[in-house]
Amino acid sequence: MTTAPTTDRTALVRAIATQHLADRGPLLPVLHEVMDELGHIARDDIETIADALNVSVAEVHGVVSFYQDFRTVPAAPHTVALCRGEACQSVGAEALHDGTRARAATLGTGVEVTEIFCLGNCALGPSGTVDGRLHGRLSPERLDALTEEWR
Amino acid sequence: MTAPTGRVFVPGDAAAVSVGADEVAAAFEAAGAQVVRNGSRGLLWLEPLVELETEAGRVGYPNLTPDDVALVLAGHATSLGVVDELPWLTSQRRVSFARVGVVDPTSIADYEAHGGWAGLRRALSLTPAEVVQEVTESGLRGRGGAGFPAGIKWKTVLETASDLKFVACNFDEGDSGTFADRMLAEGDPFTLVEGMAIAAHAVGASEGYVYIRSEYPHAVAALRRAVDTAYTHGFLGADVLGSGLTFDLHVRVGAGAYICGEESSMLESLEGRRGEVRAKPPIPAIKGLWGRPTAVNNLLTLCAVPMILADGGSAYAELGTGRSRGTQVFQLAGNVKQGGIVELPFGVSLRELVEEYGGGTLTGRPVRAAQVGGPLGAYVPESGFDVPMDYEALAESGAMLGHGGIVLFDETVDMARMARFAMEFCSIESCGKCTPCRVGSTRGVETIDRIIAGHDVAANLVLLDDLCETMTKGSLCAMGGLTPMPVQSAVRHFPEDFAPQGTEQSGAPV
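For the protein sequence lines, the chains are A and B, in the order given.
For our numbering, count along the first sequence from 1 and bump the result up by 8.
For our numbering, count along the second sequence from 1 and bump the result up by 542.
Check the hints yourself; a few may be wrong.
[What the hints assert, rightly or not] Which residues of chain B face chain A? A partial, calculated answer using Cβ under 7 Å:
hint	residue
1	Leu586
2	Glu757
3	Gly833
4	Ser856
5	Gly882
6	Thr1012
[Unchecked claim] Here are the computed distance ranges between Cβ atoms for each label pair:
hint	chain 1	residue 1	chain 2	residue 2	range
7	A	Asp16	B	Ala688	46 to 52 Å
8	A	Gly116	B	Glu934	52 to 58 Å
9	B	Ala568	A	Arg145	31 to 37 Å
10	A	Arg150	B	Arg767	27 to 33 Å
11	B	Tyr773	A	Gly116	29 to 35 Å
12	B	Ala780	A	Ala66	37 to 43 Å
13	B	Gly901	A	Arg109	31 to 37 Å
14	B	Asp609	A	Leu29	48 to 54 Å
15	A	Ala66	B	Ala859	46 to 52 Å
16	B	Ala821	A	Leu29	29 to 35 Å
17	B	Arg1034	A	Arg109	29 to 35 Å
18	B	Ala655	A	Thr122	41 to 47 Å
19	A	Gly70	B	Thr596	55 to 61 Å
20	B	Glu934	A	Gly70	40 to 46 Å
None of these hints come from the bench; they were simulated from the model.
Keep in mind the model is a prediction, meaning the values are calculated, not measured.
Idealized CB from N, CA, C, for every residue including glycine.
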């Protein structure tokens, strides 16, 4: 993953925040856009956003740390998120989740396996996402097939 | 291979996509077919369920893979017959889901051809008070779970004076086992736009916000596209349809916090803050978004409104039972053979839904329990499945309808583990504002762990009951207040799972 030089990054983050200044409650849209553009929200980004939106650093930090989606460090090259909701548990999601975490390294290098609660695919579980793409009826074999290119 | 003469419908619904619909659509397109990405009909176990337009009607081909496409086009694949004639569908009463799977969700012309905008047009010819009256007469109650009468909520917003009012759609459908909001938004997104425009006119709002969870990217895309199209065609913005109504609709995305489905947390989140629950009063209808009167409704509630305005409130009220009027969109999920959307008038029994529509479990083992109404809903044992599905009957039996999700479990389920998970989920997703929820959930996990380990089971069950009572009575919102419901229903109906072998008994809890 390439990281933009700090000054460029700061300018980009400021531009994103400034674009949303006229919106009501702009903070979440701004944070989402920074995530989309840069993959994570760094400490410096928080200060830039706070300054651009004229709110305190503590307020932005508090929001970033509250929500699961907002990362403060870059994501792994590949991600698998497995649902642990009740509907998926009823068809074996706990074993799939625990098993996949334990063997994350066998799926490829730099694979992050996380838990997620409900993808709205509750009749076709166990569900999960592989590099952000939704899949149903997951099994260890299906995960192996979906991650083949990673190895 | 010959291209079909009629259109080919390949669902673009996230559930269909999760089992390969995109690849199937690409294969049909490569073969020269005119592909429409419709919503899902809700027979999810058949997805990808492809429909070919013929003179007899739309003929369905279930569970297709790209390899099957040539066979289908050559006329050699086995079909289900005309999808509209499948008993699983014809026995339902589709009101909210009437267009889902049928129309092209990207086509505003298709929407109008299937009855769209009739409700808004009629609403705009009525005064706001008349629209509110119509909704009140329909008996429509909040579909998010609380079941509060929508007309009364709207009346409060209408009668609260303010220079600025809002309508907000709670589309943070985070309950496991529920996906009706998602499927409706993906398969028929203009209905929500229409419902919110009617709501805006009824309560005197000029701005609307849809709060969608980030786990639903397909729905976000579908709604954003529908909102843009509605603006282009004059259904949103200044002077809607020449009526003088100004209504701007914004689509906002959550960020992975279950608690933001609680309405006051959702308002905090929309305002750009941590999704922490607000104390009530004041209620959002009086002081909601940015301190202004705000009508906050679930997506299914708002999507019932266009039909109510088009056909009249009394037509809707004719359906249902007791004080639960209209239809409910049930969602069959979990370990179920035939999972999906079943829309029926209130009053159908849980057994009919599970056995007739669901066809039992996916694994083929006997059903042991159903969790009704999401992670905060009760576990109902098989012996209790004759309960009618309406707000009051379920409440009387110690359960709740919630958002209409039904999650099935077969005989292998360990109910002590499920009770523990309810507490664990609460401890992960608690906003942390009130102590009973924040601390109680963690203590709950620890207590159930001791029960599972066989330590002082009887005493720890008493302690657990006491803790549940504290959470129920002392929590600020339904998250902490209802987490005891799955826990206590599991203990009550499945005591054998909480009495492990070799239990050692001493006095006080450890």
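Here is what the structure says about each hint:
The interface hint given for Leu586 (chain B) is met, as the beta carbon of that residue sits about 4 Å from the closest beta carbon of chain A, less than 7 Å. Annotation: Glu757 (chain B) was flagged as interfacial toward chain A, and the flag holds, the nearest CB pair being 5 Å apart, inside 7 Å. Checking Gly833 (chain B) against chain A by beta carbon gives a least distance of about 12 Å; that is not within 7 Å, so the hint is violated. Proximity of Ser856 (chain B) to chain A is violated relative to the hint, the smallest CB-CB distance being about 33 Å (cut-off 7 Å).
Here the hint on Gly882 (chain B) is kept, as its CB sits about 6 Å from the closest CB of chain A, short of 7 Å. Because the closest C-beta pair between Thr1012 (chain B) and chain A is about 24 Å apart, greater than 7 Å, the hint is violated. Between Asp16 (chain A) and Ala688 (chain B) the C-beta distance comes to about 48 Å, which sits within the given range of 46 to 52 Å. Between Gly116 (chain A) and Glu934 (chain B) the Cβ separation comes to about 53 Å, which falls inside the hinted range of 52 to 58 Å.
Between Ala568 (chain B) and Arg145 (chain A) the beta carbon distance is about 20 Å. The supplied range of 31 to 37 Å is therefore violated. Distance hint check for Arg150 (chain A) and Arg767 (chain B): the Cβ-Cβ separation is about 31 Å, which falls inside the suggested range of 27 to 33 Å. Separation of Tyr773 (chain B) from Gly116 (chain A) is about 44 Å and departs from the stated range, judged on CB atoms against 29 to 35 Å. The beta-carbon spacing between Ala780 (chain B) and Ala66 (chain A), approximately 39 Å, falls within the hinted interval of 37 to 43 Å.
For Gly901 (chain B) paired with Arg109 (chain A), a C-beta distance near 33 Å keeps the hint of 31 to 37 Å intact. Remark: the range hint 48 to 54 Å for Asp609 (chain B) to Leu29 (chain A) is upheld by a beta-carbon distance near 52 Å. Range check, Ala66 (chain A) to Ala859 (chain B): about 51 Å between beta-carbon atoms, so the 46 to 52 Å window is met. Hint check: Ala821 (chain B) to Leu29 (chain A), Cβ distance near 30 Å, so the stated range 29 to 35 Å holds.
Range check, Arg1034 (chain B) to Arg109 (chain A): about 33 Å between beta-carbon atoms, so the 29 to 35 Å window is met. Distance hint check for Ala655 (chain B) and Thr122 (chain A): the Cβ-Cβ separation is about 44 Å, which falls inside the suggested range of 41 to 47 Å. For Gly70 (chain A) paired with Thr596 (chain B), a C-beta distance near 58 Å keeps the hint of 55 to 61 Å intact. Our hint of 40 to 46 Å for Glu934 (chain B) and Gly70 (chain A) holds, since their Cβ atoms are close to 41 Å apart.
The structure fails hints 3, 4, 6, 9, 11 (numbered hints given earlier, in ascending order).
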